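Dock chain B against the given chain A, drawing on the hints supplied.
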Amino acid sequence: MVKSILLVGVGGQGTILTSKILSAGLVELGFDVKMSEIHGMSQRGGSVSTQIRYGDKVYSPSIGAGEADAVVAFEKVEAARWLPYLKRGGTLIVNDQEVYPLPVLIEKEKYPSDVLEALKSTVENVKVVAASSIASALGNARAQNIVLLGALVNALGLKDLDWERLVREHLPPRLHDLNVKALQAGLSL
Amino acid sequence: MKSLMTGNEALARGAWEAGCLVAAAYPGTPSTEILENLATYPEVYSEWSTNEKVALEVAAGAAIMGARSLAAMKHVGLNVAADPFFTMAYTGVNGGLVVISADDPGCHSSQNEQDNRNYAPFAKVAMVEPSDSQECKDFVIEAFELSERFDTPVLVRVTTRICHSKGIVELGERREAGVREYKKDVKKYVVVPAHARERHVVVEERLRSLREYSNASPLNRIEWADRGTGIIASGITYQHAREVFGDGASYLKLGFTHPLPDQTIERFAAGVDRLYVIEENDPYMETFVKSLGIDCIGKESIPACNELSPQIIRKSLLSDEPGPLYSVDTAVPARPPVLCAGCPHRGFFYALTKYKDVVAAGDIGCYTLGMAPPIGVTDSVICMGASISGAIGMAKAAERAGRKIKVFGLIGDSTFFHSGITGLIDAVYNRGNIAVAILDNRVTAMTGHQENPGTGVTLMGEVTTQVDIEGIVEAAGIKAGNIRIIDPYNLAETEKAVKEAYNSTEPFAIISRRECALLKDVQRRKRGYCLVVSDKCKKCKACMRPGCPAIAFKDGEVVIDASSCNGCTLCLQLCKFNAIVKVGE
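The listed protein sequences correspond, in order, to chains A and B. Residue 984 in the working numbering sits at position 82 of the first sequence; the count goes up by one each step and never skips. Residue 1467 in the working numbering sits at position 17 of the second sequence; the count goes up by one each step and never skips.
The following block holds chain A by itself, in its conformation from the complex (with noise of 0.2 Å):
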């Protein structure tokens, strides 16, 4: 059995360290894990994406529309983008953030107010996270991340790992104790 899971977000937001430390963990969970992050131009602001796929045997690392058994949106807008890649009954975790795209800034394009409406109605499996925001309260919005990767462990079921230990591998000393609250904010989600 293989799982397929989608990371995207807006280039800055952390998907590619989030993905690391999940990675690592189903490493040490003795997993065959692959990964694929595509970046490039997508770096200066633009919409990213990585996969994840885990299990016995894994061949491709590749994920197709309607393959994803879980997505993680880290903005709203790139749920809604990126929500034909989710399987029919997959979970969805979307962050409760905007962040204005170009177009929108230069009003050529609206950002929609509907959107965590819509995806709720549409998909049966939906957690909205208020990650930033915890993050902010915890002392820094950039933790956002980990409340995420927390949130994800939690979904998949798999919190049966020092996760607080992979944190604290993946980061330097000084934000240990924020991103350690953060994993901890997100797992009791």
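Mixed in with the good hints, there may be bad ones.
What the hints assert, rightly or not - In the BS3-like style, the derived pairs of lysine-lysine whose C-alpha atoms are separated by at most 30 Å in a straight line are:
1. K1010(A) <-> K1986(B)
2. K1976(B) <-> K922(A)
3. K1986(B) <-> K922(A)
4. K1012(A) <-> K1029(A)
5. K1989(B) <-> K1010(A)
6. K905(A) <-> K922(A)
7. K1574(B) <-> K1749(B)
8. K2004(B) <-> K1012(A)
9. K1012(A) <-> K1986(B)
10. K1703(B) <-> K959(A)
11. K1010(A) <-> K1574(B)
12. K1012(A) <-> K1703(B)
Said to hold, decoys possible - Some chain B residues well away from chain A (every beta-carbon gap over 12 Å; in silico):
13. A1532
14. E1626
15. R1647
16. R1692
17. K1749
18. S1759
19. K1804
20. D1807
21. R1850
22. I1871
23. G1931
24. V1982
25. C1998
I should point out that these hints are in silico values taken from the structure, not numbers from a laboratory. Nothing here was measured: the structure is a model prediction, and the numbers come from that model. Heads up, the beta-carbon is just placed ideally off N, CA and C, and yes, glycines get one too.
Just chain B now, kept in the frame of chain A:
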């Protein structure tokens, strides 16, 4: 020990384990991390070369001297390096020479999706294609062995999905290969016509030996299962095919793909009822299979364009479409890449937007985004260096048509070193009436902040001479009076220089110099950010014209996001009502 590694990390690890001593590259997605990782192994001399041709020549020189050496580049980089590549195929090597080409099917970060497997038969060199991170490591080691055994450069061909995917890799130890004895051998290494003709005979003989090896190579293996369907695949498409067909098909998994193994292919084809050749982009293997008189299904069903995936293969070969997908009716705004908040290129571009009769030839780098709205000043982007030389041709043609336009060539600092200098000399020599803007942000930014000849530091972290751009411009023959060095954060100064360049009838150069706003040092030194004083703001949105992603019009107010503002003050300089102030300095 096992480690989760990207293909690029594993390629570097393989070179290190194989005893590689010299490695060179020019940064380019998806290949950049190969050298970044090699530079972490102190035994390997690693350098950012000025371009891919230089990188391959550095590696070739080291191989001739007897060291195992490597050059890495993105696919289009091999076009730049094609000249030494073809002739090194004639001379052969002393120490092993491995050339890594990282292709980009799907154009994730490239101007085309050329299939560099075609270079192997064209240059008549051996080629291997790993299909995951473990094979990246193993095949590079094998490539060094083959290079020395057959006296040939070996092309290691990977793709974005291999380079940037992580998989589990079993690590090994480094085996020192030393530096082989060097003996002067002009018949081998000096390719005057008399020697080259003799070397060509050697090359053809070598191809025959390599073909024999290909049929026996453990890199080419048959996996027998259900014989109703047989699949020939290499690289990432092997993994996609396994995903789609599982044990419901037999596989000929090709890892040594030039020369292709004719006998193995014949044996495999004879053992299956229906034969598919699954490959991205060109019908490289399919054409060969068909040349053997073997019937197969390939490009008539599988797209030649874009990256493949299990889903595309399922659809192409099994007419199997995914079931109903989730979707929402909400219109989703596009999210294109943008110039960052505080990007120094923005000020220069903005000054150029004032001229409606300017044609701008752009180049490869972050500043390619000069084509994007709301700036939209760039007219063409072709390849590294084509801004300056392209601008010369544009200006010459426009002159002959009597068109009253001014042509600008826009090029970054690293791209200028890579291949802009020759164009600049051409502009001077041939009296091209163009303006050249060197957008010098003091780093190779697009690929993730690599050092370059202008930064004063090498890939290995050594302090070195900073190559002087204005010195080069002047030495190329641009008159001192036609050179401006400006700070693009100073809009008045920038506009003045652009105007002078626009009005000049001689080759003119502007060096627009300001460090990339995202450089760690710049971020550390960052002081202050801009904000809007709402009672002074007339909502004219002049500040929004350059398209800074830190400025938004939200709920009827212009707001600047303090956390993303880098304090460049371009917006402040555009505000006629003093409604923007810089605070926190």
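Against the structure, the hints:
Only pairs whose Cα atoms come within 30 Å are accepted, and K1010(A) paired with K1986(B) is accepted, the gap being roughly 25 Å. Distance check on the hinted pair: K1976(B) and K922(A) sit about 29 Å apart at the alpha-carbon level, within 30 Å; holds. Between K1986(B) and K922(A) the CA atoms are separated by roughly 47 Å; this puts the pair beyond 30 Å, and the hint is violated. Of the supplied pair hints, the one linking K1012(A) and K1029(A) holds, its CA atoms being roughly 25 Å apart against a limit of 30 Å.
For a cut-off of 30 Å, the pair hint linking K1989(B) to K1010(A) stands: about 17 Å separates their Cα positions. Proximity of K905(A) to K922(A) is assessed by CA-CA distance (about 16 Å); at most 30 Å being required, the pair is judged to hold. Only pairs whose Cα atoms come within 30 Å are accepted, and K1574(B) paired with K1749(B) is accepted, the gap being roughly 25 Å. Using a Cα cut-off of 30 Å, the hinted pair K2004(B) and K1012(A) holds, with the two alpha carbons roughly 11 Å apart.
Only pairs whose Cα atoms come within 30 Å are accepted, and K1012(A) paired with K1986(B) is accepted, the gap being roughly 26 Å. A hinted pair counts as satisfied when its Cα atoms are at most 30 Å apart, and K1703(B) with K959(A) qualifies at roughly 17 Å. Between K1010(A) and K1574(B) the alpha-carbon distance is near 52 Å, which puts this suggested pair outside the 30 Å criterion. Between K1012(A) and K1703(B) the alpha-carbon distance is near 49 Å, which puts this suggested pair outside the 30 Å criterion.
With a least beta-carbon separation of about 23 Å from chain A, A1532(B) lies farther than 12 Å from that chain, consistent with its non-interface assignment. Chain A leaves E1626(B) outside its interface by the beta-carbon criterion, the shortest separation being 30 Å against a cut-off of 12 Å. Every CB of chain A lies more than 12 Å from the CB of R1647(B), the least distance being 44 Å, so the non-interface label holds. With a cut of 12 Å on Cβ distances, R1692(B) falls inside the contact zone with chain A, its closest approach being about 4 Å.
Once the 12 Å rule is applied to beta carbons, K1749(B) is consistent with being away from chain A; the minimum gap is 20 Å. For S1759(B), the condition that its CB be more than 12 Å from all CB atoms of chain A is violated, with the nearest at approximately 4 Å. Taking the minimum C-beta to C-beta distance to chain A, about 18 Å, the non-interface status of K1804(B) holds against the 12 Å cut. At the 12 Å boundary, the C-beta of D1807(B) stays outside the reach of chain A, the nearest C-beta of that chain being 24 Å off.
Here R1850(B) stays apart from chain A, with its beta-carbon at least about 36 Å from theirs, past the 12 Å limit. I1871(B), annotated as away from the interface, keeps every beta carbon of chain A farther than 12 Å; the closest lies near 26 Å. The Cβ of G1931(B) sits about 36 Å from the closest Cβ of chain A, beyond the 12 Å cut-off, so the non-interface label holds. With a least beta-carbon separation of about 14 Å from chain A, V1982(B) lies farther than 12 Å from that chain, consistent with its non-interface assignment.
With a minimum CB-CB distance of about 8 Å to chain A, C1998(B) fails to clear the 12 Å threshold, and the non-interface call is violated.
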